[in-house]
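Residue numbers (numbering that gives the first Met the number 0), protein chains in the order written: chain A, 0 to 267; chain B, 0 to 267; chain C, 0 to 267; chain D, 0 to 267.
Think of the hints as simulated: they come from the structure by calculation, not from any bench.
Treat the numbers as computed from the prediction; the structure is a model and nothing was measured.
Wrong hints could be hidden among the right ones.
[What the hints assert, rightly or not] DSS-like mimics (lysine-lysine), calculated; alpha carbons at most 25 Å apart, straight line: (1) K194(C) to K194(D); (2) K97(A) to K97(B); (3) K97(D) to K194(C); (4) K97(B) to K194(A); (5) K97(C) to K97(D).
4 protein chains.
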Amino acid sequence: MSTVRGYFHPKTATGSSSLIPAPPWQYSGDLLTVEYRTDPERVRELLPEPLELAEEDPGAVALIWADWQSCSASQEELLDPVRAQYKEAFVVVRCSYKGRTYSRCVYIWVDKDFAIARGLHQGYPKKLGSIHQTRPHPYGPAPRVAAGARFGATLAAADRRLAEATFTLREESDTNGFVNGHPMIHHRWLPSIEKGKGLALDELIETGGASFEAGPAWAADAELTLFDSPTEELSRLEIREPIGAYFRQVGVVWDGGRLLESGTSGAE
Amino acid sequence: MSTVRGYFHPKTATGSSSLIPAPPWQYSGDLLTVEYRTDPERVRELLPEPLELAEEDPGAVALIWADWQSCSASQEELLDPVRAQYKEAFVVVRCSYKGRTYSRCVYIWVDKDFAIARGLHQGYPKKLGSIHQTRPHPYGPAPRVAAGARFGATLAAADRRLAEATFTLREESDTNGFVNGHPMIHHRWLPSIEKGKGLALDELIETGGASFEAGPAWAADAELTLFDSPTEELSRLEIREPIGAYFRQVGVVWDGGRLLESGTSGAE
Amino acid sequence: MSTVRGYFHPKTATGSSSLIPAPPWQYSGDLLTVEYRTDPERVRELLPEPLELAEEDPGAVALIWADWQSCSASQEELLDPVRAQYKEAFVVVRCSYKGRTYSRCVYIWVDKDFAIARGLHQGYPKKLGSIHQTRPHPYGPAPRVAAGARFGATLAAADRRLAEATFTLREESDTNGFVNGHPMIHHRWLPSIEKGKGLALDELIETGGASFEAGPAWAADAELTLFDSPTEELSRLEIREPIGAYFRQVGVVWDGGRLLESGTSGAE
Amino acid sequence: MSTVRGYFHPKTATGSSSLIPAPPWQYSGDLLTVEYRTDPERVRELLPEPLELAEEDPGAVALIWADWQSCSASQEELLDPVRAQYKEAFVVVRCSYKGRTYSRCVYIWVDKDFAIARGLHQGYPKKLGSIHQTRPHPYGPAPRVAAGARFGATLAAADRRLAEATFTLREESDTNGFVNGHPMIHHRWLPSIEKGKGLALDELIETGGASFEAGPAWAADAELTLFDSPTEELSRLEIREPIGAYFRQVGVVWDGGRLLESGTSGAE
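Work out the full structure: start from the sequences and follow the hints.
Given below as C-alpha cells:
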C-alpha cells in the first residue's frame, strides 16, 4: 500500500510521469484576436445556469489564435521544446454571474496533450486541432510588428478546416479587445462512471492570470471565415458584424483559481 | 439561462459538439500482448491505498498494443474514420481490493483526443503517443494470422521511443494472458482548482467490457525492449523474466462502470 | 575521394541511410475505388504530349484509397511498422500512347516520406496528405468483407478536406474497375537547377506490378464528394456520372519499369 | 494533347497544383548551430568523386536547427501559414572541388512536403523528421536574444530521437560559424527506372542564397548528444571535440543554382 504522487495522471511513486506539473505555469506567446457580433441567442444557448448574457453587447465573440511556449516553475520544458510549445485557437464570449461580467471560453482546440490536461483542470473544453498562425520575424518576408504587417491564422480539426483569418496591423492600440478581458468563468464537468447518474464533477470556477506582461497591442483590420463541420458548432456563432482585431505579444503566469459553486449547472 | 447538453465538453444547446458521445462505445481491434515479471515493489509503488499487491505473481506486468476502430451506438464514426480509428499502448498490472483481484492500467498512450476523453472518464491515465503495430493481411508480405507469422510493435512519446517488441506466433492458445483478464480498478482524479486544497475528484471505480467477442488467441514468442525517458517511468518496470505473449482480434462494448469509493486514495 | 552507396538519398559509405531500399518492393493493402465520368476535356488538359485521350470512355476517372504495409525484400520494415505502414489516395485516368491504352496517376497524396520517395522514382506526383479509410475486421462494429458492409474514406491536405466517400458492398465482382487496370504511363520531371533552362529530367516511363495476388473484388454503391482548395485541382475533375465502386484486398510486388522516351513532354 | 504547367509535380493545365512554385523562394528564420570535429575519415566517406576533404579542419561538422517561414514571390503562403512554416535540422560538412572550398549538406530532416520538394531540386537529401527548437520571445519565460538566454533543440525521425542540444548565449559574435559558410555543392541523383541501369540523373550542382540579411550572430556554449538509429547514420559522425555554437536570425532568398558537371559521381 503506497502513496502515489503527481499533479495529474499517471500518478507514481516519484510523481515524475505526471502529464502536467503543479502550477504555477508560465507562458510566452503571440495572440491574434478577432472580435465580432453574433446573434446573442447563440451566445445565450451556450451559457448554463446560473450564467446569464452580459448586459452590454451580449452577442460579442472573440476568436483568438495563440502560439505558446509554456513551462513549469523549473522552466526545464523550454529546453526540450516538444514539451513546451503548442498552439491553440479558442472562442470566448462574455456572461454575467451574480452581477459581475466574466469571459468564458466555449470552444478551444490545441495541439498537445499537456495543453489538453491543463484545460481539463481549468475548465477549457479542449479538443485536438491543427492550428497555424504567421509569426513576426525581424528579417526576410515574414512580417515585422509594424503598421501594414499581414498575418494569417487557420484552424482545422478532424481533417476539416474550421476557421481562417487574415489580419493587417493598423496602429498601436490602447486595448487588445474587450471580450477576453475579464476573469474566466468555467465549468469543470465529468460524467458519473455509472450510467444515468448524472455528473460526478460539476463545478463552477473562476480563474485568470496570476501575472501578466505584454508589449503594445496593435489594432488590425481582419477578414474571418468560419466553416461548417459535422462535429463542431463554431459556425453556429455566425458573423453578423465585425468589431475589431488585434495582435499582441504577452507573458502570462497561471497559478490556480477559485471554486464558485458546485452541483448547480443543470447540464445534461 | 439555458440548459447545455453533451456527454463531454464542449457542452452546447444541441450536444453535438461533445468530444465523445454517451456510451455504449463499440470497438473492433487487434491486440498484441507481452507479459513479464518485474520487481513486485515496482508494482506496489503504483498502487495507492486501499489497493494491495495481488497475492499470486504480484510482479506480473502486461504491455499491450491495440489497433482500434471505435464508435458510438450510431456507428456513424466508422464512415468518417478519422473519428473512429486510433492506436494505443498500455501497461496493466494486477492488484487486490477487498480480497478480489483486479487489473489496473498504470500507463497508457493513445493517438486521438476522443480516446483521451474516454480515458478520463474510465480512469485510464492517457497521454498522447505514437503507436504502431503490424497488421495481419491475407495477401502480400504482411503476416497472416498463422504459426510463424511475425508482428512488430512500437511506442514513442514526445519524440522518444519508449518500447518496442517483436512477436512470432506459435500456436492457438486457450488464453490471451492473465494480467489484463480481470475487471479494471481505476482512480478518477482531478486536482482542486484552488491551490493546496487537494483533489476535487478522487474516485475509485470498477469498469469492464459490457460484451466481448473474439477470435482464437495465439501464443507467441516475443522480444521486448523498454527505453528510458525523462518524462516517463515505463522502464522502471524493468523486465526480470518473460511470461508469455499473445495476439488476438476482438470486438468489445463498453457501457459504464461502478463507483467503489470516493475520497480515500491518499494521492498527493 | 569515396564511393557513396544507397538506392536513394542520403547516399553514404554503407548505403544504410537511404530513404528507400532498392526494389523489389512488396505491398499488402486494401483498396477502395470509386470510378466516375468527368468532362473529357478535364482529362485531356492533364495529358502532355505525346499522350492522348483514351478512345473509349475518355472522361473516366478513378479515385482510389489504399491502406498499405510495404517493405523491401528483407521484409524487416514490417517489424518496425512506422517504416512500413502508410496510406494514400490517388486519382487515375486513362490515356493513349502509340495506340496502346495506359493508366496514369494525375494526383496522389500519401502520409510517409518513404512513399514520397518511391513516387519520385515511379513518376507518381506525390504530396503529403491525411488519408483515412475504414478497415474490415472480423469482430465488433467494423465491417466484415460481406454484402451490406459499409466503409468510409477521406482525404485532406494542408488542413483542408479534399474528398470523402462512403461505400456499401453489394456483391462479389469480376472486376475491380477498369480505369486503373492498365500499365501506368508516367513522367519523371525535375527542373534544371539553373533558372530558365527548362527541365533537367524529362522522362516518359512505363511501370506496373511485377506480381499480384488478390482476394475477390467486391462491387459497391458509393457516394463521393470533392471539395475545393486553393492549392489543389482535384475538384476540377467534376463528377458528371458515377461508374462504379469496388473494394479489394491485394498483395503487390513492384520491381522497376521501362523508359519509353526522354525530353519530349513539352512541359513547362 | 496539351501542355502541362507547374514548377513541380503535379503539372496541370493551370500550374496551380504544383507542390512548389517557381523560385525565387524567400525565407525568414532562426538558426541554432553547433559545430564540432569528428574523425575526418567519417567526412571523407560521405564525399563522392570528385569531391575531396577540405584542406583545413577537414573533420569539422555543423549540426543546424532552423525554424522557417518561407514563401514564393507572391508571399501568399505567409497568410495560410500551414503552407509557409516548417522546421528542419541538417548536417553540413565542408569539402574541396577544383581547389575551392564548399559546404555540403549530408543529412537533413524537415517536417513539410514542400520543403522535401525544394530539397529534391536543390540536392538536399531530405527525409521527414520531427524538429523542435526554443523560440526567442520578448515576454514571459521564453528566452530573449541576450547573454545567458537558453535554447533547446531536438530532432527525431521514425519515432526515435536522433539528436538533442542545449545552447546558452554568451555574447555577440563576428561569425555564425564557418562550416556552413561556403557555397553549397550538392548532387542531384535519381535512379533509372530500369533495374541495373544506374542513375538517370547524376548532377553536381552549386547553389547558395541570392540575398541575405541577418541580425547579429550570438556565440553560445552548447551541449550536443547524438543517438543511434537503425535507419540513420548521424551518430557515425561522432563528436570528438566541440568547436562552437551560435544563434542567429536571418532572412534569405534562394533563386537557382549552377550545374557544375553531370554523370561523374560514381555513386552506386
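Next on the checklist: Against the 25 Å threshold, does the CA-CA distance of K97(B) and K194(A) hold or violate the hint?
Outcome noted: 24 Å, holds
Next on the checklist: Against the 25 Å threshold, does the CA-CA distance of K97(D) and K194(C) hold or violate the hint?
Outcome noted: Judged against 25 Å, a Cα distance of about 24 Å means the pair holds.
Item to check | 25 Å Cα cutoff - pair K194(C), K194(D) | outcome: This hinted pair is violated, its Cα atoms lying about 31 Å apart.
Checklist entry - Within 25 Å, alpha carbon to alpha carbon, are K97(C) and K97(D)? => result 46 Å, violated
Next on the checklist: Hint check: K97(A) vs K97(B), CA-CA at most 25 Å. Holds or violated?
Outcome noted: Violated, at about 46 Å.
Violation of the numbered hints given earlier is confined to hints 1, 2 and 5; the remaining hints are satisfied by the structure.
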